[in-house]
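These protein sequence lines map, in sequence, to chains A and B.
Last residue of the first sequence: 274 in this note's numbering, with the numbers rising by one and none dropped.
Last residue of the second sequence: 469 in this note's numbering, with the numbers rising by one and none dropped.
Think of the hints as simulated: they come from the structure by calculation, not from any bench.
Where is the CB? At the ideal position from N, CA and C, for every residue including glycine.
There could be a bad hint or two in this list.
Label pairs and their in silico Cβ distance ranges [said to hold, decoys possible]:
1. Phe50(A) x Leu239(B): 19 to 29 Å
2. Leu239(B) x Arg143(A): 23 to 33 Å
3. Ile432(B) x Gln168(A): 25 to 35 Å
4. Lys445(B) x Leu99(A): 44 to 54 Å
5. Arg143(A) x Arg442(B): 20 to 30 Å
6. Ser167(A) x Val139(B): 25 to 35 Å
Listed below are the simulated BS3-like cross-link pairs for lysine-lysine, each with C-alpha atoms no more than 30 Å apart in a straight line [said to hold, decoys possible]:
7. Lys260(B) x Lys417(B)
8. Lys445(B) x Lys149(A)
9. Lys317(B) x Lys190(A)
Short, incomplete list of chain B residues facing chain A, as computed with Cβ under 7 Å [unchecked claim]:
10. Ala48
11. Ala324
12. Glu327
13. Asp328
14. Val330
15. Ala331
16. Ala333
17. Thr335
18. Val337
19. Pro338
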Amino acid sequence: MSVTTDLKKEPQGGEPAAPVVLELRDLRVFYGAIEALKGVNLTVRRGEVVALLGANGAGKTTTLRTASGMIAPREGQVLLHGERIDGIKSHDLVRFGIGHVPEGRGVFPRMTVRENLQMGAYRFKSVDKADMDRVFTLFPRLGERKSQLGGTLSGGEQQMLAIGRALMGKPEVLLLDEPSMGLAPLIVQQIFEIVKEINEQGTTVLLVEQNAAQALRMADRGYVLETGAVAMEGEASELLSDPRVRAAYLGEGA
Amino acid sequence: MSIKTSTAQGAGQDSPKSATAPLSAAARLRRVHWYQEPRWRRLGALLALAVTLRLMTGEEGTTQDLFLALREDFTGVGLWVWLAIAVAVWAVREFLADQTSRAVKGTKKVSSGPLERVRQVWSAGKRVRMGVLTAVLALVVFGPLGVERYWQQVLVDQIAIFVLLAIGLNVVIGWAGLLDLGFIAFFAIGAYSAAYWTGALPVQPPVALNNFLVLPIAVLTCLVAGVILGAPTLRLRGDYLAIVTLGFHEIVYLVAKNADGVTEGARGVKVERFSVDLGFFSYEWKLDPMPYYWLLVAFVVLAIFLFLRLEHSKVGRAWTAIREDEVAAAATGVPTVRYKLMAFAIGASTSGVAGVAYASKVGYFNPENFAILLSILVLAYVIFGGMGSIPGVLFGAAFLVWLPEYLREWVDPKDRYMYLGALLVIMMIYRPQGVLPSRRRKRELQMAEAGIGGADATGPAEGRQP
Numbered sequence: 021m022s023v024t025t026d027l028k029k030e031p032q033g034g035e036p037a038a039p040v041v042l043e044l045r046d047l048r049v050f051y052g053a054i055e056a057l058k059g060v061n062l063t064v065r066r067g068e069v070v071a072l073l074g075a076n077g078a079g080k081t082t083t084l085r086t087a088s089g090m091i092a093p094r095e096g097q098v099l100l101h102g103e104r105i106d107g108i109k110s111h112d113l114v115r116f117g118i119g120h121v122p123e124g125r126g127v128f129p130r131m132t133v134r135e136n137l138q139m140g141a142y143r144f145k146s147v148d149k150a151d152m153d154r155v156f157t158l159f160p161r162l163g164e165r166k167s168q169l170g171g172t173l174s175g176g177e178q179q180m181l182a183i184g185r186a187l188m189g190k191p192e193v194l195l196l197d198e199p200s201m202g203l204a205p206l207i208v209q210q211i212f213e214i215v216k217e218i219n220e221q222g223t224t225v226l227l228v229e230q231n232a233a234q235a236l237r238m239a240d241r242g243y244v245l246e247t248g249a250v251a252m253e254g255e256a257s258e259l260l261s262d263p264r265v266r267a268a269y270l271g272e273g274a
Numbered sequence: 004m005s006i007k008t009s010t011a012q013g014a015g016q017d018s019p020k021s022a023t024a025p026l027s028a029a030a031r032l033r034r035v036h037w038y039q040e041p042r043w044r045r046l047g048a049l050l051a052l053a054v055t056l057r058l059m060t061g062e063e064g065t066t067q068d069l070f071l072a073l074r075e076d077f078t079g080v081g082l083w084v085w086l087a088i089a090v091a092v093w094a095v096r097e098f099l100a101d102q103t104s105r106a107v108k109g110t111k112k113v114s115s116g117p118l119e120r121v122r123q124v125w126s127a128g129k130r131v132r133m134g135v136l137t138a139v140l141a142l143v144v145f146g147p148l149g150v151e152r153y154w155q156q157v158l159v160d161q162i163a164i165f166v167l168l169a170i171g172l173n174v175v176i177g178w179a180g181l182l183d184l185g186f187i188a189f190f191a192i193g194a195y196s197a198a199y200w201t202g203a204l205p206v207q208p209p210v211a212l213n214n215f216l217v218l219p220i221a222v223l224t225c226l227v228a229g230v231i232l233g234a235p236t237l238r239l240r241g242d243y244l245a246i247v248t249l250g251f252h253e254i255v256y257l258v259a260k261n262a263d264g265v266t267e268g269a270r271g272v273k274v275e276r277f278s279v280d281l282g283f284f285s286y287e288w289k290l291d292p293m294p295y296y297w298l299l300v301a302f303v304v305l306a307i308f309l310f311l312r313l314e315h316s317k318v319g320r321a322w323t324a325i326r327e328d329e330v331a332a333a334a335t336g337v338p339t340v341r342y343k344l345m346a347f348a349i350g351a352s353t354s355g356v357a358g359v360a361y362a363s364k365v366g367y368f369n370p371e372n373f374a375i376l377l378s379i380l381v382l383a384y385v386i387f388g389g390m391g392s393i394p395g396v397l398f399g400a401a402f403l404v405w406l407p408e409y410l411r412e413w414v415d416p417k418d419r420y421m422y423l424g425a426l427l428v429i430m431m432i433y434r435p436q437g438v439l440p441s442r443r444r445k446r447e448l449q450m451a452e453a454g455i456g457g458a459d460a461t462g463p464a465e466g467r468q469p
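Can you make the complete structure from the sequences, with help from the hints?
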């Protein structure tokens with residue numbers, strides 16, 4: 021049934037739609053007796069930046085963690101290129117090209133920047149020098165701090181390191197969990213610009229954000245979650261101008 | 004001293020209007036008393052240490068006169084000698100500290116203390132390293148030939164066995180960051196495996212084996228026991244895991260003690276000693292401790308070789324990552340449960356080898372040889388020497404096992420562990436990273452002092468639960 025609904029959503033006319041990379045179908049996730057996700061449907065096409073918005077407790081992080089294998093859904097499916105991947109553990113999913121930047125960054129505080137990045141390439145036999153250089157080109161600030169310990173970096177730098185570390189695993193899809201959390205607006209803007217750049221270099225991005233305005237400005241499409249279900253979805257520009265979104269998430273009176 | 008008082012007054016003058024009292028609350032809190040300065044605090048600590056040492060080395064108490072020890076210790080000349088030594092140490096330290104801090108001012112690299120200098124020479128050249136290692140190994144192998152029989156016994160029965168145990172526990176706690184308080188349970192399993200397979204227990208094995216052939220079996224048994232205990236419990240962390248392993252130890256200990264029909268219970272077991280019989284060559288380990296010693300040195304060297312290779316492999320890096328942040332480790336593709344299980348099983352099997360070696364050396368053991376205290380002592384050796392650092396762990400175990408034996412000649416034997424305790428307390432206050440810390444562990448403590456992450460061995464770096 022869900023397949024037919026998905027087909028309906030194919031954009032009519034215009035450019036041909038890119039193939040679906042990641043798809044969540046009727047996801048239901050429980051924490052004990054609490055139903056955190058009540059049937060979430062979501063698709064991410066190749067080359068897109070998809071923003072997942074919503075208030076605290078709407079289920080954004082749960083959705084992302086389910087997609088990256090940290091939580092197993094009770095019902096529903098997670099599909100990567102049409103193949104089911106739900107139930108696969110997160111450390112194995114890395115090999116399928118899913119890079120997860122967890123909430124709160126999670127850099128290794130007592131490893132240096134370089135060691136952190138090397139850990140990011142853990143799934144490979146050896147560290148690709150070109151990948152490391154790419155990270156340092158994207159984030160020059162990390163290049164200046166190669167031997168500094170992760171825990172001594174500023175919040176913004178830690179976020180950059182977390183993203184850089186995920187890139188070292190050569191992900192096809194990058195899952196970002198609130199990269200703007202606790203950062204100054206200027207840094208957030210910088211990080212979003214770099215995420216956009218990463219996307220333009222060919223990585224698909226699924227982004228969880230509270231910062232709706234900035235996320236939608238960068239994203240191609242967006243989903244708005246409310247109490248564990250998708251309340252709205254559409255082109256980012258449409259959502260950005262939608263009065264309901266503006267009222268609820270952009271702090272404008274209706 | 005005078006500077007501090009003046010700043011305190013200055014702060015008081017800055018806010019005369021807001022303060023109702025002459026000295027505002029903030030100024031009062033900001034004031035640094037002279038005795039709070041590091042220099043004077045160090046003197047205080049040293050004086051306290053001197054008094055403690057006087058009490059420890061002084062008159063022994065009696066039940067007839069309860070205050071005899073106190074009276075004697077505080078009136079005699081001894082106290083003044085100790086205090087004088089304390090003041091002298093303090094003066095030398097402060098004086099030298101002034102000199103060095105002045106000397107290094109402006110220079111980039113601050114070399115602190117003689118250890119740092121040794122380290123510089125050490126890292127200077129491969130030849131130095133090889134030379135030192137060969138010398139140390141030669142000393143370890145041949146040195147004990149020259150010591151008394153009693154010390155040779157201590158070296159084998161205790162030091163070598165505990166060094167092996169400490170190296171094993173180091174993998175579990177130092178590298179993977181799992182707090183295992185039931186480590187000795189695997190030691191017991193190893194010892195009882197040796198007893199069972201050599202036919203020393205009331206229950207007979209299908210085939211009686213040579214002690215050496217028991218080694219791989221014991222490794223396997225402990226591996227399986229480690230996995231059985233670990234698989235359901237390694238999702239727990241820190242304190243919880245410690246309690247579970249503690250429970251596991253008690254189970255093993257009580258079974259050994261009470262299952263008379265299987266383990267001989269508290270009567271203990273007599274085990275044959277090591278022997279080799281290959282037809283063309285046969286040798287029997289008898290009462291002379293040295294052959295056992297060389298055998299154990301071989302075990303230790305083999306274990307060190309294997310573990311060092313592991314530490315510098317992907318496995319070692321995975322352990323570090325797990326210790327730092329489990330969620331992030333999983334997100335970078337480290338199968339966390341598998342590697343934790345691996346560390347646990349490796350530690351367990353090392354403990355098992357030590358158990359077989361112990362049983363085959365002493366020839367007789369009973370459940371009391373596997374009391375919980377030993378688990379805690381091994382943990383103390385690892386922490387004392389420097390968690391995660393092989394040289395540190397070797398030194399920690401060797402030194403702390405040797406010390407009580409050595410003290411036997413000097414103090415009342417009943418008091419020996421008091422000195423050990425005092426040493427551990429002092430050590431944890433002034434050098435929590437251990438005698439020869441690993442580079443990483445040192446970082447952890449430095450960062451903990453700077454308020455980034457915890458200094459405990461096993462907690463996640465940012466207090467995050469997986």
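Cross-check of the supplied hints:
1. Phe50(A) x Leu239(B): 19 to 29 Å: 22 Å, holds
2. Leu239(B) x Arg143(A): 23 to 33 Å: Once the Cβ atoms are compared, 27 Å apart, the range 23 to 33 Å for Arg143(A) and Leu239(B) holds.
3. Ile432(B) x Gln168(A): 25 to 35 Å: Holds: the Cβ-Cβ distance is about 29 Å, inside 25 to 35 Å.
4. Lys445(B) x Leu99(A): 44 to 54 Å: Holds, since Lys445(B) and Leu99(A) (Cβ atoms, about 47 Å apart) stay within the stated range.
5. Arg143(A) x Arg442(B): 20 to 30 Å: Once the Cβ atoms are compared, 26 Å apart, the range 20 to 30 Å for Arg442(B) and Arg143(A) holds.
6. Ser167(A) x Val139(B): 25 to 35 Å: 31 Å, holds
7. Lys260(B) x Lys417(B): 26 Å, holds
8. Lys445(B) x Lys149(A): Status holds; Cα separation ~29 Å.
9. Lys317(B) x Lys190(A): 18 Å, holds
10. Ala48: Given a least distance of 29 Å, the restraint on Ala48(B) is violated.
11. Ala324: Constraint on Ala324(B) satisfied, holds at 5 Å.
12. Glu327: 4 Å, holds
13. Asp328: 5 Å, holds
14. Val330: 5 Å, holds
15. Ala331: 4 Å, holds
16. Ala333: Where the cut-off is 7 Å and the nearest Cβ of chain A is about 5 Å from Ala333(B), the hint holds.
17. Thr335: Hint on Thr335(B): holds, closest Cβ of chain A at ~5 Å, below 7 Å.
18. Val337: Status holds, d = 6 Å.
19. Pro338: 5 Å, holds
In summary, the structure is inconsistent with hint 10 from the numbered list given earlier, while agreeing with all the others.
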